[in-house]
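J.: First to last, the sequence lines map onto chains A and B.
Here the first sequence is numbered in the working numbering, starting from 37 and rising by one per residue.
Here the second sequence is numbered in the working numbering, starting from 10 and rising by one per residue.
Since no wrong hints were added, every one of them can be taken at face value.
Just the calculated beta-carbon pair ranges, DEER-fashion:
id : chain 1 : residue 1 : chain 2 : residue 2 : range
1  : B       : Phe26     : A       : Glu258    : 39 to 45 Å
2  : A       : Ala358    : B       : Ile34     : 35 to 41 Å
3  : A       : Val337    : B       : Asn197    : 51 to 57 Å
4  : A       : Leu345    : B       : Glu66     : 50 to 56 Å
5  : A       : Val323    : B       : Gln98     : 56 to 62 Å
6  : A       : Phe210    : B       : Ile188    : 56 to 62 Å
7  : A       : Asp206    : B       : Glu170    : 50 to 56 Å
8  : A       : Ser190    : B       : Ile34     : 41 to 47 Å
9  : A       : Leu38     : B       : Gln98     : 25 to 31 Å
10 : B       : Cys79     : A       : Val429    : 51 to 57 Å
Below 25 Å or equal to it, Euclidean Cα-Cα: the simulated BS3-like pairs (lysine-lysine) are:
id : chain 1 : residue 1 : chain 2 : residue 2
11 : A       : Lys112    : A       : Lys246
12 : A       : Lys359    : B       : Lys229
13 : A       : Lys360    : B       : Lys168
14 : A       : Lys246    : A       : Lys191
15 : B       : Lys210    : A       : Lys360
16 : B       : Lys213    : B       : Lys229
17 : A       : Lys183    : A       : Lys136
18 : A       : Lys183    : A       : Lys68
19 : A       : Lys359    : B       : Lys168
20 : B       : Lys21     : A       : Lys273
21 : A       : Lys208    : A       : Lys292
22 : A       : Lys68     : B       : Lys21
23 : A       : Lys359    : B       : Lys199
24 : A       : Lys292    : A       : Lys213
25 : A       : Lys451    : A       : Lys154
26 : B       : Lys99     : A       : Lys360
27 : A       : Lys360    : B       : Lys213
28 : A       : Lys273    : A       : Lys317
29 : B       : Lys21     : A       : Lys317
30 : B       : Lys213    : A       : Lys359
31 : A       : Lys161    : A       : Lys140
32 : A       : Lys360    : B       : Lys229
33 : A       : Lys183    : A       : Lys112
34 : B       : Lys21     : A       : Lys191
35 : A       : Lys183    : A       : Lys140
36 : A       : Lys191    : A       : Lys112
For the record, the hints were derived by calculation from the structure and aren't laboratory data.
Glycine included, each C-beta is placed from N, C-alpha and C at the ideal position.
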Amino acid sequence: MLAYIVQITAYSAEFVALFMAVFYLLTFIENKDEIDSLEEPADYPSVAIVIPAYNEEENIALTIASAANLDYPSEKLKILVMDDGSEDKTLEAAEAEAEKHPAKDIRVIPNPHGGKAKTMNSAIKIIDSEIMVTLDADSCVSPDALKNMIPYFSKSDRVAAVVAAMKIRDPKTFLQKIQSAEYLFCFYIRKMNSFANGLLVTPGPFSAYKRSIFDEVGGFDEENITEDGEIALRIQKHQYSIEYCHNAEVFTSAPKTIKALKNQRVRWNRGTIRNFVKYRKFFANPVYGDFGLFIFPSTVVLLSVAFGLFLVSAANLMVIAAKKFEYGTLFHVPPLSFDNFFRFDRFFIQPTAMQIISLVIFGLSLVSLYFIRKYSPKDFKNMTLFYVPYLLVYYPLFVLGFWAITVFYELTHRKLAWHK
Amino acid sequence: MDKTKRQFSLFKFAAAFAISFTIFIAGFAFSERLSRSRLEDLQNDVLALQSEWNSLEMLTLIDKTSSVSCEMYEEQILNFTNETDVFGQKLESVANRLPTDNPQVVNMKVSYWLMEIRDFFTLKQIETKCGKEYTTILYFFDRACVDCVYQGEVLRQIKQEYPEIMIYSFDVSNKDISIIKILSQIYNIKTTPTLIIGDRKIEKETYRQELNSILGIESKPLIDALKPESKTPEE
Chain A
37 MLAYIVQITA YSAEFVALFM AVFYLLTFIE NKDEIDSLEE PADYPSVAIV
87 IPAYNEEENI ALTIASAANL DYPSEKLKIL VMDDGSEDKT LEAAEAEAEK
137 HPAKDIRVIP NPHGGKAKTM NSAIKIIDSE IMVTLDADSC VSPDALKNMI
187 PYFSKSDRVA AVVAAMKIRD PKTFLQKIQS AEYLFCFYIR KMNSFANGLL
237 VTPGPFSAYK RSIFDEVGGF DEENITEDGE IALRIQKHQY SIEYCHNAEV
287 FTSAPKTIKA LKNQRVRWNR GTIRNFVKYR KFFANPVYGD FGLFIFPSTV
337 VLLSVAFGLF LVSAANLMVI AAKKFEYGTL FHVPPLSFDN FFRFDRFFIQ
387 PTAMQIISLV IFGLSLVSLY FIRKYSPKDF KNMTLFYVPY LLVYYPLFVL
437 GFWAITVFYE LTHRKLAWHK
Chain B
10 MDKTKRQFSL FKFAAAFAIS FTIFIAGFAF SERLSRSRLE DLQNDVLALQ
60 SEWNSLEMLT LIDKTSSVSC EMYEEQILNF TNETDVFGQK LESVANRLPT
110 DNPQVVNMKV SYWLMEIRDF FTLKQIETKC GKEYTTILYF FDRACVDCVY
160 QGEVLRQIKQ EYPEIMIYSF DVSNKDISII KILSQIYNIK TTPTLIIGDR
210 KIEKETYRQE LNSILGIESK PLIDALKPES KTPEE
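So that you can see chain A by itself, here it is in the shape it has in the complex (with noise of 0.2 Å):
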């Protein structure tokens, strides 16, 4: 009976997984036009770079110099360093960079320790600029970012907020280069949930507001642990859309070590299941759109059926395995000969339902990720091996077991950590 709703459940997630990519491919081709073809405003509005730090003395010089060498006119430009109460050197490495760029208005402004969100919100409070862009202190920004955002705003007045391409920086480890191989393939989806306008999170790194927006939804949830998640799900609610550019550039730091990254994915996840359970309206909510139709709905109910088939399967492997162990043939690998080898039939090649259906999709994914040259060429080169143990390996280990300890922390209570 359980192994016939196993089966069951993993047919449905399997259509809904083909159903993804189906739909997202027809999303690229309606959109494929449009892609590039943004023109550039006559006036560009004014902008306030915000940039929240706590404890970064060793990367606020760069992520500062980064903003200062941003390509925009500067008059328009003001930059604000705003310390959230850091216990190290991080207000006096800031003030010597500061000096550094004279011609930009780089102003450093001391906080008592309140968190990223707060840090933010006094920010909100201070500046009088049009646009309002958020810039993590790990992060470094590609001089032509901004001018290629701004315009987004001028698609429609109910742009909220446009958000940038993350990178890796400087990726060296295996691992950092695999999270390479997983903010790509982001690219695509982002680009795509943005054209059905249903992008679920402005992510901290580099996401540009229009100021206005803030008076009218509120500022940044304070007792969030993933407020960029928090604010984009708001603007949704409040019917606004949220625009993707894949020419801006931002460089972020990347957890080097498994353990780091757990970290950052279990908070990411608790936080996720936190917005999802308050925004939980969303789903299957026409009044939403292709959003509450079928975004929403199709990321929560893969991530769930995923985890769940993930679950059982593991349970079930292990069951296997004490059986095999207990007979003596857990460690058995059958004589592996050259003779063997030729004479392997092709008889036995029987694939089942599920596993062609199984190759459609993977095969769906791989013309996907031709897409995504379109939109970073010089990264696809570099990445392109990178992808496979990717898409075989690391998400469906490491995502679903960072959800198996996300579960297991829910369930125990533990504490949530504030900050990284």
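Given the coordinates of chain A, assemble chain B onto it according to the supplied hints.
T.: Below, chain B alone, put in the same frame as chain A:
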């Protein structure tokens, strides 16, 4: 146009659904078709096996008038056993994909068991004629018996490591098939799994270590360090 109204791409949803649904159905159809074509292949294999068996039977006929050497007998019987074995594996892989009561599969299973029985008794004949001894295992299992899967795997591994050991397996869940009925009565099968090794009858799960000591063989796992501790379920 009301700007707060969300876009709802009904056409795109319908198109995506239609395409996904088509791919889904095509996947099932393709897999089904493949199973069918494999079944047809197997049907041909049955015929080939039958003619193989006929030539073996011819050998016994010739033996009545002019003597046939033991080597020739042995060569023929080993050849037949190998082919039956491969057929059994193929049949199993196809049967796993299809419903258990598929008439074609059931028919082929019956042919397979008949083949095995012929093989087994011819082997016994050769044993008396030529004074040779073969290690034979008759394995009776049931589809409803969970542990039979693991028991079968133990035997498959033994066959992989020691191809000279002859293993014949019979699914006793097909009670209304006469060959199974006869065998169950002859060997008095009450439970599954049941192993008959030579004259010895074992009516319980038999782990690799115990089988090793009964057959006088050793495990040949590639990862020797992780070999499970030797233990017998009897204590």
